[in-house]
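S.K.: Let the hints inform the model, and build the full structure from the sequences given.
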Amino acid sequence: MGQRKIRVLVAKPGLDGHDRGAKVIARALRDAGMEVIYTGLRQTPEMIAEAALQEDVDVVGLSILSGAHMALTPRILELLQANGMEDVKVILGGIIPDEDIITLKALGVAGIYGPGTSTADIVADVQRMVEDPQ
Amino acid sequence: MTALADAVLSGDIRALSRLLTHIQNESPPAKEALAVLYPHTGRAHLVGITGAPGTGKSSLVNSLAKAYRAKGLTVGIIAVDPTSPFSGGAVLGDRIRMRDLAGDRGVFIRSMATRGSLGGLARTTGDAVRALDAAGFDVILIETVGAGQSEVEIAHEAHTTVVVEAPGLGDDVQAIKAGILEIADILVVNKADQPNTQHTVRALKAMLDLGANRPSEFWHHSRLSPESSLPAQPEAADHWETPVIETVAITDDGVEPLLQAIDTHYEYLRSSQRLHIWERARLESELASRLKDALLDRLVQHTGQEKVKQILDQLTERVIDPHTATESLLNAANSHRQGWNSTAIQDQE
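Protein chains in written order, with the working numbering: chain A, 1 to 134; chain B, 1 to 349.
Just so you know, these hints were derived from the structure itself, not from any lab.
We put the beta carbon where it would ideally sit given N, CA and C, even for glycine.
Please note: incorrect hints may appear among the correct ones.
Stretches of chain A that chain B covers, calculated by requiring three or more beta carbons in the stretch to come under 8 Å of a beta carbon on chain B [as the list claims (entries may be wrong)]: (1) 22-29; (2) 99-108; (3) 116-126.
Within a straight-line C-alpha distance of at most 20 Å, the following computed EDC-like cross-link-like pairs (lysine to aspartate or glutamate) qualify [as the list claims (entries may be wrong)]: (4) Lys105(A) x Asp132(A); (5) Lys23(A) x Asp98(A); (6) Lys307(B) x Asp321(B); (7) Lys5(A) x Glu26(B); (8) Lys31(B) x Glu86(A); (9) Lys5(A) x Asp19(A); (10) Lys31(B) x Asp297(B); (11) Lys5(A) x Glu131(A); (12) Lys66(B) x Asp132(A).
M.R.: Structure, rendered in structure tokens:
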């Protein structure tokens, strides 16, 4: 009778004001049958972790175009851990240099998507991450 | 297996959040936990916030929650947004307006998608409210989808229903149409800094004057009780007078009077039999609804897909009519009456 839906938090941490990408992703995930909690701009890591906890999301999607990903992402991962949400998958969209990609993946980020990534690929990844976690 | 329920009762937020997911998904742990939690419900004041899109419901919820917090009360918030009928997905964006509440452990915000329900709420919103109630929140604000005039379901879920209007969204005729305006315990004109505010306020007050001395309870005929067992309507002198309150939510203007009005309404319900009457009518309606679903499932399961298909085929080919089709299915179930009962017993284990 009931259904299980994939719940994804989409947030823009920090001071980055360009949200078109985040909105495009939110829309794509919605069209794929997921429930997207869209929290918008100027989120602090604490706000993101709190929202993830209250909404019991499967995935946290961060959009960072400001270059501040190395400052923000590890902090968010840390807070999710502290809240008992180590199973949550964190994915990142934005402008991320290769060397940072390696570091972030080592820290546990499950997916990193640069400009031009197809939304279909992101949707497929999210579905796989949630339905078939390793 | 009461671990989840116990954790919720002890204030574990992670457990509450997990439980809300089980509730939304209608999974077995939800039923078990809710059974344990039910005796702990009934403490919170349930306030519904409804109104057309763009009237500022979320901003108003944000302001109200801040005001309640300033008074030392804890607030649970359920914000409902629509599920796409095409994809089954949803964008739940009400949290955006509630930035001021971030970092406050006395506030818990949960977004829910309607998942196909009409009427402005999700099917499972009632159970989600119960979870927050049992978890100890003093006030629970329930924000509906806000799609339009027939979103009356909130009156069943909330003690106090606040209907939010904004200037310039309709003329006097809109004000007297049936639907959500009738269920308002409190009418709010938000964005009251706009030029045509007084016109809207006047139209609403005129509508209220026309409807003075209407019965204030929202009755829903349920099949469970015969007509004669409905309690008598309270006297005209005791009727609640719906106030019209002007607010500018984004600057918190008018929110204090609104909070006062909400509190006054709750006192009004509690000081008479009304709260009890409302609870009973609402639970009766819920029971009837759950029974309908459960009985239908059980009947179909018991009768078997073969027989159901056969009858549906006959109906489609116009061999039998819908009333006869219904009787046939009921008779098919009856003829295995004993088997029906043992299936029922098995399901309980």
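S.K.: Check each numbered hint against the structure and report the violated ones by number, ascending.
M.R.: Failing hints, ascending: 2, 3, 5, 8, 9, 12.
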